[in-house]
Amino acid sequence: MKRVLVLAGTSEARELINQILNQYQVVASLAGVTREPIDLGCETRIGGFGGVNGLVRFLEMAAIDVVVDATHPFAAQMTWNAGDACAVTGVAHVILQRLGWKPEVGDNWRYIEKFEETVGIIPEGATVFLGTGRQTLDQFSGLTGRRLLCRVIDRPERKFPFKMGQFVLGRPPFSVEEEVAFFEAEGIDWLVVKNAGGLRSRSKLDAARQLGLPVVMQKRPKRPNVSVVWTVAECMAWLDAL
Numbered sequence: 001m002k003r004v005l006v007l008a009g010t011s012e013a014r015e016l017i018n019q020i021l022n023q024y025q026v027v028a029s030l031a032g033v034t035r036e037p038i039d040l041g042c043e044t045r046i047g048g049f050g051g052v053n054g055l056v057r058f059l060e061m062a063a064i065d066v067v068v069d070a071t072h073p074f075a076a077q078m079t080w081n082a083g084d085a086c087a088v089t090g091v092a093h094v095i096l097q098r099l100g101w102k103p104e105v106g107d108n109w110r111y112i113e114k115f116e117e118t119v120g121i122i123p124e125g126a127t128v129f130l131g132t133g134r135q136t137l138d139q140f141s142g143l144t145g146r147r148l149l150c151r152v153i154d155r156p157e158r159k160f161p162f163k164m165g166q167f168v169l170g171r172p173p174f175s176v177e178e179e180v181a182f183f184e185a186e187g188i189d190w191l192v193v194k195n196a197g198g199l200r201s202r203s204k205l206d207a208a209r210q211l212g213l214p215v216v217m218q219k220r221p222k223r224p225n226v227s228v229v230w231t232v233a234e235c236m237a238w239l240d241a242l
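Our numbering numbers the first residue of the sequence shown as 1 and each following residue consecutively.
By construction, these hints were calculated from the structure, which means they are not laboratory data. Keep in mind the model is a prediction, meaning the values are calculated, not measured. Glycine is no exception: its CB is placed at the ideal position from the N, C-alpha and C atoms. Any given hint might turn out to be false.
Unchecked claim - Just the calculated beta-carbon pair ranges, DEER-fashion:
{"id": "1", "residue 1": "A62", "residue 2": "P161", "range": "36 to 44 Å"}
{"id": "2", "residue 1": "R3", "residue 2": "I46", "range": "13 to 21 Å"}
{"id": "3", "residue 1": "N18", "residue 2": "V176", "range": "42 to 50 Å"}
{"id": "4", "residue 1": "E113", "residue 2": "A62", "range": "33 to 41 Å"}
{"id": "5", "residue 1": "P37", "residue 2": "G100", "range": "19 to 27 Å"}
{"id": "6", "residue 1": "G90", "residue 2": "K159", "range": "45 to 53 Å"}
{"id": "7", "residue 1": "D240", "residue 2": "L169", "range": "38 to 46 Å"}
{"id": "8", "residue 1": "K159", "residue 2": "A185", "range": "34 to 42 Å"}
{"id": "9", "residue 1": "E113", "residue 2": "G90", "range": "32 to 40 Å"}
{"id": "10", "residue 1": "L211", "residue 2": "K159", "range": "44 to 52 Å"}
Said to hold, decoys possible - Straight-line alpha carbon distances no greater than 25 Å define the calculated SDA-like cross-link-like pairs of lysine to any residue that follow:
{"id": "11", "residue 1": "K114", "residue 2": "V193"}
{"id": "12", "residue 1": "K219", "residue 2": "K159"}
{"id": "13", "residue 1": "K222", "residue 2": "K159"}
{"id": "14", "residue 1": "K219", "residue 2": "G54"}
{"id": "15", "residue 1": "K102", "residue 2": "F174"}
{"id": "16", "residue 1": "K219", "residue 2": "E43"}
{"id": "17", "residue 1": "K222", "residue 2": "E43"}
{"id": "18", "residue 1": "K102", "residue 2": "K2"}
{"id": "19", "residue 1": "K159", "residue 2": "G198"}
{"id": "20", "residue 1": "K2", "residue 2": "A31"}
{"id": "21", "residue 1": "K2", "residue 2": "V33"}
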């Protein structure tokens, strides 16, 4: 029975693990961002590997046959590390990545490469919802004169890094109706999001369209030149073909 390392942290990773548990020996890896991660029902390690060299050592020690990178589309460093480590060890490697969002009629999106570009787009005095995760906040230091809100799952140990900002607690998924009510209650004028894709997070974009709010959308980072599948079913077929 092949040993499969699933680099997890997404709903697709959880679905894949549930589907293949009876066919493969599955080891899951989580970055450890949330304090109480969902039980994946398999052997799970939490925390980083220590770069490419650390991942190479783990693949060899754990006798991993296949790596499925089902991390967040913006977990670029992990994705590149996995690509390099698998190239060194010869371990089979595939990226399971959900399709990105595309604008629909009524959407008002502005695309950016880096969050620092928001300074020239979002006017002073605006109330901005940062749907980008607290790890990105330092990149918004130039957004002075704007009120910033960032939603987090766990209560942060540190205060919001900027004077005109605050954390809002909440665990996804949220319905469109919930997002509309939240945006209206907080007087949101702009959204900043990553093009993460998927239905679970799409609701905030649907709510923004319904309210006529502009969205600043960060483009996805480049990924290694390795096999990519877009659905759990495609990933299972890829594994079966090995």
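We went through each hint and held it up to the structure:
| no. | hint | in the structure |
| --- | --- | --- |
| 1 | A62 - P161: 36 to 44 Å | holds (38 Å) |
| 2 | R3 - I46: 13 to 21 Å | holds (18 Å) |
| 3 | N18 - V176: 42 to 50 Å | violated (27 Å) |
| 4 | E113 - A62: 33 to 41 Å | holds (36 Å) |
| 5 | P37 - G100: 19 to 27 Å | holds (25 Å) |
| 6 | G90 - K159: 45 to 53 Å | holds (47 Å) |
| 7 | D240 - L169: 38 to 46 Å | holds (42 Å) |
| 8 | K159 - A185: 34 to 42 Å | violated (22 Å) |
| 9 | E113 - G90: 32 to 40 Å | holds (34 Å) |
| 10 | L211 - K159: 44 to 52 Å | violated (29 Å) |
| 11 | K114 - V193 | holds (11 Å) |
| 12 | K219 - K159 | violated (28 Å) |
| 13 | K222 - K159 | violated (32 Å) |
| 14 | K219 - G54 | violated (29 Å) |
| 15 | K102 - F174 | holds (20 Å) |
| 16 | K219 - E43 | violated (33 Å) |
| 17 | K222 - E43 | violated (30 Å) |
| 18 | K102 - K2 | violated (37 Å) |
| 19 | K159 - G198 | violated (30 Å) |
| 20 | K2 - A31 | holds (23 Å) |
| 21 | K2 - V33 | violated (28 Å) |
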